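Participant: Residue numbers (the working numbering), protein chains in the order written: chain E, 83 to 663; chain Z, 487 to 860.
Quick caveat, the hints were computed from the structure, so don't treat them as lab data. Hints are supplied without guarantee of correctness; some may be wrong.
To be verified - Dumping the calculated DSBU-like pairs for lysine-lysine here, alpha-carbon to alpha-carbon at most 30 Å: (1) E:Lys495 - Z:Lys770; (2) Z:Lys854 - E:Lys359; (3) E:Lys551 - E:Lys103; (4) E:Lys299 - Z:Lys770; (5) Z:Lys770 - E:Lys551; (6) Z:Lys854 - E:Lys103; (7) E:Lys103 - E:Lys419; (8) E:Lys390 - E:Lys103; (9) E:Lys103 - Z:Lys857; (10) Z:Lys854 - E:Lys145; (11) Z:Lys857 - E:Lys299; (12) E:Lys299 - E:Lys103; (13) E:Lys632 - E:Lys359; (14) Z:Lys536 - E:Lys145; (15) E:Lys495 - E:Lys419.
Quick caveat: nothing in here was measured; it's all calculated off a predicted structure.
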Amino acid sequence: MSGNPTTLSAVSKTFRSAGRKITALDSIDLTLQPGRVTGLIGPDGAGKTTLMRLVAGLLLPDKGAIQVLGIDALTRPLEVQSSIGYMPQRFGLYEDLSVQENLELYADLQGVPVAQRATRFQELMQMTGLSPFTQRLAGQLSGGMKQKLGLACTLVRSPRLLLLDEPTVGVDPLSRRELWQIVYHQVQEVGMSVLLSTAYLDEAERCDEVILMHQGKLLGQGTPAEFSRPVSGRIFQASAAGCSHRRLQEQLSRAPGVLDALIEGEAVRLVMESPSKPEPEALLPEQQNLQLTAVEPRFEDAFIARLKRRRDLGGMALSLQKKVTANTDDEVIRVHKLQRRFGDFIAVNNISFSVRRGEIFGLLGANGAGKSTTFRMLCGLLPASSGELAVAGHDLRQAAASARGRIGYMAQKFSLYTSLSVIQNLRFFSGVYGLRGKQQKARLEWALTTFELEPFRDANAGDLPLGYKQRLSFAAALMHEPEILFLDEPTSGVDPLARREFWARTNALAEAGVTVLVTTHFMEEANYCDRLVIMAEGEVLTEGTPLAMKTSARTPENPDPTMEDAFIQLIEQRQAQQATA
Amino acid sequence: MRRSSRMRLLGMIRKESLQILRDPSSISIAFVLPVVLLFLFGYGVSLDAKLIPVGIVIEQPDSATQSLAGAFERSEFFRPYHFDSIQSAQQMLNERRIDGILWMRSNFSSNLLAGQEAPIGVIINGVDSNQANITQGYIQGTWLAWLSRYAESRGHSLPVPVSLEQRVWFNAALSSRLFLVPGLIAIIMTMIGSLLTALVVAREWERGTMEALMVTPLRIGELLAGKLIPYFALGMAGMLFSVALAVWQFDVPLRGSLWLLMASSALFMLVALAIGMLISIVSKNQFVAGQLAIIVTFLPAFILSGFLFDINSMPEWVQLITHLVPARYFVAILQTLFLAGDVWPVVLSNMGALLLMLLFFFTLVWRKSHKHLE
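Isolated chain E (complex conformation):
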């Protein structure tokens, strides 16, 4: 159906922001073959959205040429726009129009003849499972349903090239899986070409071809297998009886020849610098029970191997926090039948869980599952509608300032003062928590060295790269050495390297006895948690250790399920229950 490829040659694009020039794309050359699903992969700020918008004719490049399906996107953008479908990041839906009305609008705009509409709509609704909801307002759909409606609207007139900008961010894994099925169905049935951007590295493996981008540069293009080839034979799983996986990971990350050590359930995943199997004794001489098993490489391993400079994270981990000395079996956070309503809408519905001292406890769920609402109630920022909650024995809404001084909170959005410098922000936040004089000075020095912020000491917080912003927020939350730490989506939008650093620091905190409560929508991050709850639509679906959750999802067909498989199974069970109820 579409023989012409899409090509970008020497495309550069810069933006001006607050007087500074930001290079979003730096002479990109690439070709998209027709009839394929190409994944555009890279962390936030890599230039994915800019590239999408250039292809869609929404932006003009500073330099270079763009041919979309053989049409010049620079001179004939309207022709390009008549042959592509594009779903922007927030799906481009009108929330105050119904599902049917959104479809009608896009059918009008795309010039779909009225006679063909009924069948086309029916097809799309069936494919997306939205048939029962055609009269519902788009604003009242769940995140996953919005995503599918957005997709249906872009498919209303079968485009030759489909551009999807981060369609899966923050959407529950079941909806993500369904989206991939729809996309492949389109490719196979009508020979559509698809360009899809994502920050989830695990989605790379679902693509026919992957384009890897980082900071505006093209790092490589090829099949997922081609990407993982250089790391084949370099990936191992390590475990040691009698040693906590957290300590093991910390030790291994400093062991010779190890490029990357990542906690994966109860074991540690290693990326070695060279492809020969290491001797356990050579890796960790003091550890006798170390077991190493070779495993298949994943795209993420390849990504890390390409980008990670080996460096020592060891020193900082130890000095992160003074030890919190207390019995580790204490129940630090207790939540019982907690409920929060906003009008008719129940954001959090009768949830219960408890967190012990020194635990990393996760709240895992899609956007809109009620994670942040739960957090705000725990931190005393939002009153509960009903139920009980206690943090270190207090309801923080009524508790004195001294009780609040025992917790640290890192908000989902960057919530420091963008026009203050790094050191001014840190000074302010330490001052708010009552640090003065020598003590404050010592903590400031500690924060700058531990988080490697010294070079940015006098830079405005707003001008920092995203990963450093996250470090600064993290440092600010730790200035007063809290016993309990609340981290709301700390890793959202941050690249995998920065995420690893973040988790290394969090692990060190937990080792020092700090209780950490963390929300995330990255399934694989559940593996870092000691225990977690999985939330959907305001309810807790299950509570337990990551291992137990994965074990319970084990089936004959899938003997080694991932956290995502476990999550999907839980959602399917819930949907089945709702259907029978």
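Following the hints, put chain Z in place on chain E, whose structure we already have.
Facilitator: Relative to chain E, chain Z alone:
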């Protein structure tokens, strides 16, 4: 090609109309706001003085002073308080309990009878200069009216030059409403045309739907028309609603012709819409768009259009600025059409100014609109 273009345009109009109907803020700006503003200005705000508290000091009561005091008692403009001495009256004036003092000295009657100038003292609190002017005017008027009646009753003329000055404020009791209500229509249309339009377009940018629209084959002209037509209709509906309220609820006469009112309103509506569009092109965020619309369109329409404050009494350079405010021309048209009738020279010259503004702003909108995100 033409058929698909019509399909796209109708699709946009349908979408926009559905959104207007479902968005409580659009409906309230178009229909609730007029009611609130009209009632507020129609009944609440009055530039006329009524029941002004004045102190009357009579040093030596007799028939003449009684008669003059009676004139103030009967007047609907005053609420007199009697004092024995000027000191106690001044005390009350200082406390702002009364706005003015009428002082009849002990020699008042004898002077009056002698045909000499009867000195009455008038002291007015000048803190609020506007109020002071009005009070002074009313006191003077009442005094002169009484004087002429007094002279007539005595059958001889007074040596005082009895020139009955017909002051504006004598008719003003009713006309401040008549004068405010037509001007309000300009304010209401500014709100619908500029504020509401700027907000809804900025909302599209914020929610990312504009990006989705731009990637469709929709042309820029269709996009603009699709936005303009529904809001034009909404604005005209709001206008007709306000006119109906003005005529039937507030008894404002419509002395000019309705079609001319409609035509000039349509012209002004388009200018307001173009400015709204321009604001939303400059700022793609609802908060900034709202602020800009208030500062650039609403406040000038309120203060500099002649709706509330007379343009001729403004300083020279402020008068020059008012020429940049489209509402200025429309307020002039409205006041003329409602109160005077089809005064062609006034209506046509102001419509001409609006037409020039329309061309200017539309050219700007057209040149600034493109299907790019930058």
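Participant: Next, verify each hint and record whether it holds.
Facilitator: Now for the hints, and whether the structure bears them out:
no.: 1; hint: E:Lys495 - Z:Lys770; result: holds (21 Å)
no.: 2; hint: Z:Lys854 - E:Lys359; result: violated (63 Å)
no.: 3; hint: E:Lys551 - E:Lys103; result: holds (19 Å)
no.: 4; hint: E:Lys299 - Z:Lys770; result: holds (29 Å)
no.: 5; hint: Z:Lys770 - E:Lys551; result: holds (25 Å)
no.: 6; hint: Z:Lys854 - E:Lys103; result: holds (23 Å)
no.: 7; hint: E:Lys103 - E:Lys419; result: violated (51 Å)
no.: 8; hint: E:Lys390 - E:Lys103; result: holds (26 Å)
no.: 9; hint: E:Lys103 - Z:Lys857; result: holds (23 Å)
no.: 10; hint: Z:Lys854 - E:Lys145; result: holds (23 Å)
no.: 11; hint: Z:Lys857 - E:Lys299; result: holds (26 Å)
no.: 12; hint: E:Lys299 - E:Lys103; result: holds (16 Å)
no.: 13; hint: E:Lys632 - E:Lys359; result: holds (28 Å)
no.: 14; hint: Z:Lys536 - E:Lys145; result: violated (73 Å)
no.: 15; hint: E:Lys495 - E:Lys419; result: holds (28 Å)
The structure shown violates the earlier hints numbered 2, 7, 14.
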